[in-house]
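A.B. asks: Okay, here's what each chain looks like letter by letter:
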Amino acid sequence: MTIDELIENFDLLDDWEDKYRYIIDLGARMDALPENLKTDDWKVHGCQSQVWLVPSVTMEDGQKYLDFQGDSDAAIVRGIVAIILMVFAHKTPQEIKEIAVENIFAKLGLQDHLSPSRRNGLAAMTEKIRYYASAL
Amino acid sequence: MYDVYKIRQDFPVLSQRINGKPNTFLDSAASAQKPQCVIDTMYRLYSSCYANVHRGAYYLSEHMTQEYENARKIVQRFINAASEREIIFTRNATESINLVAACWGRKFLKPGDEVLISQAEHHANLIPWQVIAAETGAELKVFKIADDGSYLEEEYLKLLGPKTKMVAVTAMSNVLGTVFPVRKMAEQAHMAGALFLVDACQAAVHHALDVQQTDCDFLAFSGHKTYGPSGIGVLYGKYKLLDSLPPYQFGGDMVEKVTYEKTTFDEVPARFEAGTPAMVQAIGLGRALQYMQEQGMENIAAHEAELTDYARGRFAEVKGFKEIGTARGKGGVFSFVLDGIHPQDIAFILDKEGVSVRTGHHCAQPLVERMGYTSLARASLGMYSSREDIDIFIAALQKAKTFF
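First to last, the protein sequences are chains A and B. The opening position of the first sequence corresponds to residue 1 in the working numbering, with each subsequent residue numbered one higher. The opening position of the second sequence corresponds to residue 137 in the working numbering, with each subsequent residue numbered one higher.
No wet-lab data here; the hints were simulated from the structure. No residue lacks a Cβ here, since even glycine has one placed at the ideal position from N, Cα and C. Hints are not guaranteed to be accurate.
Stated by the list, open to error - Listed below are several chain A residues computed to face chain B (Cβ distance under 7 Å; list not exhaustive):
#, residue
1, 15
2, 16
3, 46
4, 48
5, 49
6, 75
7, 76
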């Protein structure tokens, strides 16, 4: 699914309950992170629940592309991780730098639905992804 | 008669709607809401009689000083201390305990000495002792509690001995609600030659305190949990003990005589209140304690005990609900897990229903782990909590279960 398709799907949902159920479903359908990658090395700090993000790099025509695997032990956050992975799927470090993730979450209508502590979690995940991109 | 609905009207926050729903505030154990009289008191001070205390020879400063010192007397009466000089204003209970660990610990703890705490301590009554023990060569001992959160006297007595110099224990666990028999424990500590410090953060909110009857040497609590402002806390200490301790911090308002070569320090409690104190907050705290006393500490305790029974009865209706901490006589603090759902997921759904609960390790990480978890959800009661709060909470839990 592309992020535009995701935004279209979200548009069809008008109350928070349906949106939350859809987020939980996105998380449930995401591939689980192998247990051996759920280590402190890949943990995202600053989230209330446990969150892991694992980057991988591929080279295509001399250009580096980043992809991520991720997971969380909480169901709603797992869904948020799934959205984040979709947003940052197969991007160059420069593209990652330019993505305004806050705007995407606003388009998803999730801005109002995210509690401040989870918004911090979102910020922590985005920061981590930008860190990986900048370190390439 | 204790009319909880009338009391609720005194707390303006409670009539706010949260996410379009009634404000079901079940996180008073983290920080309690404030009655209008406390808000009014602080507004009055800032708008009509604000000035620094203990300094100016002018009307406003005299007036503030008088109100500040009166707040100290209110605290003294609230915990039944022998003298108002035994009351030190701090930022919060954390600072109160750090003050004792730093001033008393550094002066009196020697290699081989022991500090004894329970497994149920908040980080604020654990880390200061851990650090001061490491610094002085003393050892921190931790006595066990039962799997249901109950106090185990034999475990306490097993570790209480001639090497024990300080026992520091919560009067009521912020995670399990367990009430510790601090009066008897203090007596046993004294028999062993140890001092006894009570962390009364939770207890101060729910029961009348009496430091003379408990015969504790130190007692700490925070203003923001007792319906008072944030930024103000209390340390009680027996006068002779406080008088034997060096100052905690250094600066203005705590000195007798200063020259470039040497400083002699003021008497207790001024010695421990360096710098301009949180005076508006202290006076606000005094008003909050008066407010509780106006409602009657026995009435508050009775209301909360009745509501605790009601809540625990209703928990039984929620399939998969497991209360963590079920000691007899526990207070209105309910840590729980639900059907293997992550506590944060529960909290997100509850939040949408206007229900505020705490999740995580509750600043008691070793305790939560000892109970077998990394994270717990917690609902807690205050003097304004009602049966409707519990009903909405239960309905929101049932709803949350449908999501996962």
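A.B. asks: Against this structure, judge whether each hint is valid.
C.D. replies: Going through the hints against the structure:
1. Given hint, residue 15/A at the interface with chain B, is violated; its Cβ is 10 Å from that chain's nearest Cβ, farther than 7 Å.
2. Annotation: residue 16/A was flagged as interfacial toward chain B, and the flag holds, the nearest CB pair being 5 Å apart, inside 7 Å.
3. Look at residue 46/A: its Cβ only gets to about 13 Å from chain B, farther than 7 Å, so that hint breaks.
4. A distance limit of 7 Å between C-beta atoms decides the matter here; for residue 48/A the minimum to chain B is near 5 Å, and the interface restraint holds.
5. A cut of 7 Å between beta carbons decides the hint on residue 49/A: the least distance to chain B is about 5 Å, and the hint holds.
6. Among the interface hints, the one on residue 75/A holds; its C-beta lies about 5 Å from the nearest C-beta in chain B, closer than the 7 Å criterion.
7. With its C-beta approaching chain B no nearer than about 5 Å, residue 76/A sits inside the 7 Å limit, and its interface hint holds.
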